[in-house]
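A.B. asks: The chain contents come next:
There are 2 protein chains.
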Amino acid sequence: MTKQDDLVIAEGFKLAMRRLATTVSIVTTGQSGRWAGMAATAVVPICAEPPTMMVAVNQSASSHTAIREGEYFCINLLATRHRELVSVFGGKVAADLRFAHGQWIEGTGGVPVLADSLASLTCAHSRAVSFGTHTLFFGEVVDIANHADIDPLLWMDGGVATGIRTEIV
Amino acid sequence: MTKQDDLVIAEGFKLAMRRLATTVSIVTTGQSGRWAGMAATAVVPICAEPPTMMVAVNQSASSHTAIREGEYFCINLLATRHRELVSVFGGKVAADLRFAHGQWIEGTGGVPVLADSLASLTCAHSRAVSFGTHTLFFGEVVDIANHADIDPLLWMDGGVATGIRTEIV
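Chains as they are written, first to last, in the numbering used here: chain A, 46 to 214; chain B, 46 to 214.
So here's chain A without its partners, still in its complex pose (with noise of 0.2 Å):
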């Protein structure tokens, strides 16, 4: 089997990333009076000893400096019911203007948390890799809010989907 061309790979990766359903996160840091956030996809656990989360963040995204710099971040679960806050922290809304959309509140370190969230977790800014485009930020778990219903917002085939219930076998 031969290799496919750069081209075709290319495109054939935007599609296959449409295919991938994802649970929107808004991932947060700063400090009082100067928030910074934006909605993020490519968040994974990647080791439970010690609870430790990754998000890749594009090198040109709004968020980026302030989520490298930052000593806190944190990853918001988002639920159905944050369904707006895709577009308003997705580039639709000014940087500086987000946070007036939904209810945020200070936690650890004193970056903002969603208020009722699927699930909150403030990460301890761990590590930093560049990764081409991207860089790969690492953080340790040092505070988590659960909220009741597992009701997440996904996001798929440039679109969200709702209303996603596990079944019972």
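Any given hint might turn out to be false.
Remember, identical chains collapse to one label, so a pair may be satisfied in a single copy or spanning two.
Taking lysine to any residue pairs in the SDA-like style, the calculated list, with each CA pair at most 20 Å apart, reads [stated by the list, open to error]:
hint: 1; residue 1: K59; residue 2: D194
hint: 2; residue 1: K59; residue 2: A93
hint: 3; residue 1: K137; residue 2: Q49
hint: 4; residue 1: K59; residue 2: V133
hint: 5; residue 1: K137; residue 2: A173
hint: 6; residue 1: K137; residue 2: D196
hint: 7; residue 1: K137; residue 2: H170
Bear in mind the hints are in silico, worked out from the structure with no lab data behind them.
Given the structure of chain A, go ahead and fit chain B onto it with the hints provided.
C.D. replies: Just chain B now, with coordinates in the frame of chain A:
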């Protein structure tokens, strides 16, 4: 706000991760006659130029050594029709018997590719980083096969979810 103690974090982390809905993949590697593969949910795109995928694998997983030593690995995103493969590649079936389930063909470098996956991304293994209990494997995408419908199989709250549809807004 005071930080939570380790036990609270460990327990909260498990609960939070049940809330993070992800598309199930089967990560495969190996060459003809010596295939290895495992179900994985910690799969993310980390860069588009060059197209690069990352997967976090527990060092105790039966396929860990094969992936670490392989020149290529393939990330096969699962669709609803692959539901039975989750338990097969999740540990219920011995490593050497797994490929009797599902339709597997040989891809670039001899790695097993799921013929009717949602998308299969064959990656040239470019980097491995140890992180606590896990290893992060990075691979540059060298071959992609995307298939018709976008009907991902999700993992959430300890079970599968299907029938996900993007909403038109």
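A.B. asks: Does the structure break any of the earlier hints, and which numbers would those be?
C.D. replies: 3, 4, 5, 6 and 7
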